[in-house]
Amino acid sequence: MSSKPKVLVAMSGGVDSSVAVHLLKEQGYEVIGVTMQQWPDDTPLPEGETGCCSLSAVEDARRVAQKLDIPHYVLNYKALFQEQVIDYFIEEYLKGRTPNPCMACNRVYRFGALLQKARELEIDYVATGHYARIYFDGARQKYVLAKGRDSHKDQSYFLYGFTQEQLARTLLPLGDYTKPQIREFAAQLGLSVAHKPESQEICFIPDNDYRRFLQEKAGRSLEPGPFLDEKGQVLGQHRGIACYTVGQRKGLGLALGTPVYVVDIDVERNAVIVGPEASLYSKGLLARNNNFILIEELTEPTEVTVKIRYRSQAVPATVQPSEEGVEVFFEQPQKAVTPGQAVVYYQGDLVLGGGIIENKYQ
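The working numbering runs 750 ahead of the 1-based position in the sequence shown.
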């Protein structure tokens, strides 16, 4: 019997998770590959679709596993993915919020389900191809989550919801590498996915038309309502609040002679509030459902940097506890703070914690 530590690697069929398998084998682990089948049965696959939910992705993962000489299994998680990710996505949009389904996928589905399967199979660790780092901090006597070395690919933002148990049992072998290095590894290994393009869209909406998706999946029609200016004057009719997000300018169908943006969504009035770009800036926000990694809980105002969306720059701010969650006050006003998105708090390269934006402070 092998005395090597075992690791269950989530293989999406892309270059990152494929090279993760290679790196872990090089580090002496016994690697088992799994692809989590999640494409909903009632959603037809577009021809040629290659995203992480697709059948071609399963085949890509299987070919890589064969090339790298590891066992590979396909696990059916369609029902769990529907419940924890897709249904959440739809419900949030119908509430006038803009969810990030990758957060729900990582927190509850990908790492939650993967770790549970590892426990059942008595496998020591799980691993993915995320660009972030996990290590044990002796001074703090706990595991910490740090940004990936590649600042352009750092994905620590998506992982702020980790518990200490999840951190202790998760390996992220790509954290010290850049994307070009990973592609070079794949090419040297002769992997067919070496130059596979990255998926840019929501994986379960491959054409990226989430408005069409919501219309089809909501189970009820999206109710039209008024466009209002900031004084409450009716400017026109919208197609349903789920079709809009804070900061949106295109596709409003309003000819007002001056550019306007979605500055707020009023669910109670079924109204979309529009205004000038200046109205998009906020001094702070309230975050709920917070999780902390470096500390047990936030007890006092703390200086941090924060990211209010994945592709935004981390900006200086102060976080402080409140009865409703965590209040964040920016050093400089920030544009298009969007309820439903994650806000992640950093101290240097380390993730202090994060939460879901509830509302913004003008």
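Bear in mind the hints are in silico, worked out from the structure with no lab data behind them.
Keep in mind it's a predicted model, so treat the numbers as computed, not measured.
Mixed in with the good hints, there may be bad ones.
What the hints assert, rightly or not - No farther apart than 30 Å at their CA atoms in a straight line, the calculated lysine-lysine pairs in the BS3-like style are these:
id, residue 1, residue 2
1, K903, K775
2, K981, K903
3, K903, K817
4, K903, K1085
5, K929, K892
6, K775, K867
7, K892, K817
8, K929, K981
9, K1000, K756
10, K897, K754
11, K1033, K903
12, K897, K946
13, K828, K817
14, K1085, K1000
15, K756, K946
16, K754, K892
17, K845, K754
18, K775, K756
19, K1085, K929
Evaluated hints:
Simply put, K903 and K775 have alpha-carbon atoms about 23 Å apart, close enough for the 30 Å limit, and the pair holds. Taken as a hint, the K981 and K903 pair is broken in the structure, with Cα atoms around 42 Å apart against an allowance of 30 Å. At roughly 26 Å between alpha-carbon atoms, K903 and K817 fall within 30 Å of each other, so this suggested pair holds. Among the hinted pairs, K903 with K1085 is consistent with the structure: their alpha-carbon atoms are about 22 Å apart, no more than 30 Å.
This hinted pair checks out: K929 and K892 have alpha carbons roughly 28 Å apart, not beyond 30 Å. At roughly 20 Å between alpha-carbon atoms, K775 and K867 fall within 30 Å of each other, so this suggested pair holds. Distance hint between K892 and K817 is unfulfilled; the C-alpha atoms sit about 37 Å from each other, more than 30 Å. For the hint linking K929 to K981, the alpha-carbon distance of about 48 Å lies beyond 30 Å, and the restraint is violated.
Using a Cα cut-off of 30 Å, the hinted pair K1000 and K756 is violated, with the two alpha carbons roughly 50 Å apart. Straight-line distance between C-alpha atoms of K897 and K754 comes to about 28 Å, which keeps the hinted pair within the 30 Å bound. At most 30 Å may separate the alpha-carbon atoms for a hinted pair to count; K1033 and K903 meet this at roughly 28 Å. Taking the CA atoms of K897 and K946, the gap is near 24 Å; set against the 30 Å cutoff, the hint holds.
Taken as a hint, the K828 and K817 pair is honoured in the structure, with Cα atoms around 27 Å apart against an allowance of 30 Å. Note on K1085 and K1000: the hinted pairing holds, with a Cα-Cα distance of about 17 Å set against a maximum of 30 Å. Our distance criterion of 30 Å between C-alpha atoms is met by K756 and K946, whose separation comes to about 28 Å. For the proposed pair K754 and K892, the alpha carbon gap of about 24 Å is at most 30 Å, so the pair holds.
Restraint check: the Cα-Cα separation between K845 and K754 comes to about 49 Å, which exceeds 30 Å; the hinted pair is violated. Between the alpha carbons of K775 and K756 the distance comes to roughly 10 Å, so the proposed pair stays at or under 30 Å and holds. The hinted pair formed by K1085 and K929 meets the criterion: a straight-line CA distance of about 29 Å does not exceed 30 Å.
Hint violations for this structure: numbers 2, 7, 8, 9 and 17, all remaining hints satisfied.
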